[in-house]
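Undergrad: On the provided structure of chain A, position chain B as indicated by the hints.
Here the protein sequences come in this chain order: A and B. Here the first sequence stands for residues 262 to 701, numbered as in our numbering. Here the second sequence stands for residues 262 to 701, numbered as in our numbering.
Hints in this document: simulated from the structure, not taken from any laboratory. Hints are supplied without guarantee of correctness; some may be wrong.
Same chains, same label: a pair holds when it works inside one copy or across any pair of copies.
Claimed, not checked - DMTMM-like mimics (lysine to aspartate or glutamate), calculated; alpha carbons at most 25 Å apart, straight line:
hint, residue 1, residue 2
1, Lys667, Glu548
2, Lys533, Asp565
3, Lys462, Glu490
4, Lys518, Glu459
5, Lys652, Glu609
6, Lys667, Asp646
7, Lys518, Glu534
8, Lys462, Asp569
9, Lys518, Asp455
10, Lys430, Glu451
11, Lys483, Glu459
12, Lys483, Asp398
Protein chains: 2
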Amino acid sequence: MEDNHINMQSHSCDPDRPAHPGIFPTREAGKSDHQPGGSSVDFPVSVVLPAGGTGERTGLQTPKQFCSFLGRPLISYTIQAFERVSWIQSIVVVVAKENMDLMTDIVKRFQHKKVRAVPGGSTRHRSICNGVRALGDGEEERPKVVIIHDAVRPFVDEDLLYKIAMAAKEQGAAGAIRPLVSTVIATTSEGYLDHSLERAKYRASEMPQGFTYDVICQAYQKCSESDFEFGTECLHLALQYCGTTAKLIQGPPTLWKVTYKRDLAAAESIIKETLSRSACVITGGSEQAVTLADALQKAVGALDMELDVIPDLMGENARYLLKEWNFIQVSVNRSCLSEVEAVLTDLEAANRALLHPLVVIWVHLSGSDELSVSGREVEPAAIMDLASAAKLRNILLYGIQLHQTKDTERWEKSVLRVAEITSALIRERSPALVGQLLQA
Amino acid sequence: MEDNHINMQSHSCDPDRPAHPGIFPTREAGKSDHQPGGSSVDFPVSVVLPAGGTGERTGLQTPKQFCSFLGRPLISYTIQAFERVSWIQSIVVVVAKENMDLMTDIVKRFQHKKVRAVPGGSTRHRSICNGVRALGDGEEERPKVVIIHDAVRPFVDEDLLYKIAMAAKEQGAAGAIRPLVSTVIATTSEGYLDHSLERAKYRASEMPQGFTYDVICQAYQKCSESDFEFGTECLHLALQYCGTTAKLIQGPPTLWKVTYKRDLAAAESIIKETLSRSACVITGGSEQAVTLADALQKAVGALDMELDVIPDLMGENARYLLKEWNFIQVSVNRSCLSEVEAVLTDLEAANRALLHPLVVIWVHLSGSDELSVSGREVEPAAIMDLASAAKLRNILLYGIQLHQTKDTERWEKSVLRVAEITSALIRERSPALVGQLLQA
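Same shape as in the complex, but just chain A (with noise of 0.2 Å):
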């Protein structure tokens, strides 16, 4: 059965995966100047971000929200998703008063900057209210149009909510919709079936949705207690209160809204496949090293990863410390750890380890001959002492060993090995198996 195992992690029937939205961006945060259809956003827009949720259909004790992904709670990679538009002046985050302390440290810890967050209120219209509110009162400018999303929803994308500010400055509101995918249907008191609804006609009601300033505040204030303790639909306020159609506006799967158990794992797997598109072999430049790196970015590329090789990471080479997640040193018949712990200072001088862990792999080819004398040349502790000490600084490093042979067919087995072996411990980022000396 082995064909069957081979590319497991990204499903085996998976060549042609659509590609998941942009999260993780290459540049600083707030310096993104992408401008979707070529014209720029010239308006103030603000971000309210919900995120007051108890987590009661995962069944889980903590919120979805505050759930950590590969060490990073759910609600940081939602506002770093806002925090890399440049267009976007400010993000209100609406926290349940238990957990303003928890959100401040998250803010902090996480670096992310144009964020406040304030105390939500005992329902979901109540808490976007007080985010609206708030940014009434800072001391930026007021906004022109107010963006609403969820905190549980990590995936958004520029292209949308440019589209979504634009049409809710023209239209005074908009949303994002998606297709239904059950029928829906009406039910009696009993249980019983009273009518299925025409899928055709019916969408699914999503977020972001945009509202000018002016909309969104006159609907809370005009709304119903009943509104406010029942709603849970804002497009619908701005219809009922300010006679406001909004323009619906179809968004990718990607906008899914974490909500059961099921989805903390699919949220978790498109971050890692995200995280696991390419490396970087780093060659040190010897030419034993470059046919290895050479003959890797073949075999990784068919397991639908890409490799750059380089030989250092000076002058232009620079640039993979800022936009690289995983790094490949090939060290050749050196068994010190010497160029694996200079990636290692590099990666830390970059800060590059803030958002995600860094998968750092160091490839030792070693020569035939010292096969014969030492067996395993590299003592196992010195590696695991590296990474235990790396692994503190949210880096993953993992060693592999293979052996100089001119046996080309042996050697292409040892080559494969490396490649599948490589591409399962970026896929994986497991912290257990960090330090490991594998062979090949």
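TA: Leaving out everything else, chain B in the frame of chain A:
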């Protein structure tokens, strides 16, 4: 950031995770005698599984129902969920003509019983109709109740099937429902909000659904070409053409339909989690091994995995060969692999790896004396060769090595590392890492 990495696989904030349905029976297929509510189903029930989808919404080339999870297509998991229910007499899978051979291969390879494949029609209703007609053709008794389910909802449990079957017999029709996750809105033809529905009055119609054979046959006899062409809801046909009002039954969240790419990751995660709840430690009976096993039991328990400690797989303990997916063989001061080879032989004899890949971990506890003499006394090539052979038979073999020491702190650290590595290997089930001898 070390603390954030612990137990990431099952989400660090998740101490009270709800159980997933028991999709992996411990008995042989077809031998279940579970009778929810204490009563049995005393009428013939058959199942129609439409599996003709083309996978458009996942963006994959392979339709979802044929996507491979741990080496087995999704449709096989769904078939298994029905096959293990004793009171279900037969299952008709409806597949596109071009996939008939593939389906036949799947049934043969995974030794499914009770299953026939029939070719589908051009729409969902035509396919289901073909399946229902095929039920009348067989040699077996004509069913009293027909359950219709989706091939891409693999996690249906017996309890819900029972409720659906009983309600269908009583009422003529029954269907599973779930609360709506998003507000449903009606749109104008120009893409604006028309109105939003009051969420509490509506439900999502899911699968399974059940009908008496007479109702579903009559519905398909009477319904129009337009229904066949554009309709999606069987409950609607029963209501419109037979005047049968379906009983609606709320199902668990695991009922969901694998629709988007993210759902593939969610499904894989549920399967892996279900396989990773427990493991069985075989000690050979030596005092040192038992001491280690007991310490491991405690440490792995803290990582949310249950360990049973047994001396061997003989007599009463042979039952573990029929119910466990993960085995840990502890060997003391013996650098040969004979004990783990014996476990592999037993597992193969039990045909245990037919439906799921098994994990076997060889934990080698070496005396502190050996350490100073040879450094590493097990030849890595030996376990790699054994693992390569085992992988072909769907068994994933890994090794972990630790050294006996009188230094308590060092010993406890080693045991903790064995626990973390064990837990990670079992949860990740990575084929790329088989044959590695990891250091604890």
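Undergrad: All hints, please: hold or fail.
TA: To see whether the hints hold, each was checked on the structure:
1. Lys667 <-> Glu548: within (15 Å within a copy, 47 Å between copies)
2. Lys533 <-> Asp565: both (14 Å within a copy, 23 Å between copies)
3. Lys462 <-> Glu490: Classified as between: cross-chain Cα gap 17 Å, same-chain 28 Å, threshold 25 Å.
4. Lys518 <-> Glu459: So Lys518 and Glu459 pass the 25 Å test inside a copy (24 Å) and across (19 Å) alike.
5. Lys652 <-> Glu609: within (12 Å within a copy, 39 Å between copies)
6. Lys667 <-> Asp646: So Lys667 and Asp646 pass the 25 Å test across copies only (21 Å; inside, 33 Å).
7. Lys518 <-> Glu534: For Lys518 and Glu534, both the intra-copy (18 Å) and inter-copy (22 Å) Cα distances are at most 25 Å.
8. Lys462 <-> Asp569: Answer is neither: 48 Å inside a copy and 55 Å across each miss the 25 Å cutoff.
9. Lys518 <-> Asp455: between (28 Å within a copy, 23 Å between copies)
10. Lys430 <-> Glu451: Between copies, since 18 Å is at most 25 Å while 45 Å is not.
11. Lys483 <-> Glu459: between (33 Å within a copy, 20 Å between copies)
12. Lys483 <-> Asp398: within (20 Å within a copy, 64 Å between copies)
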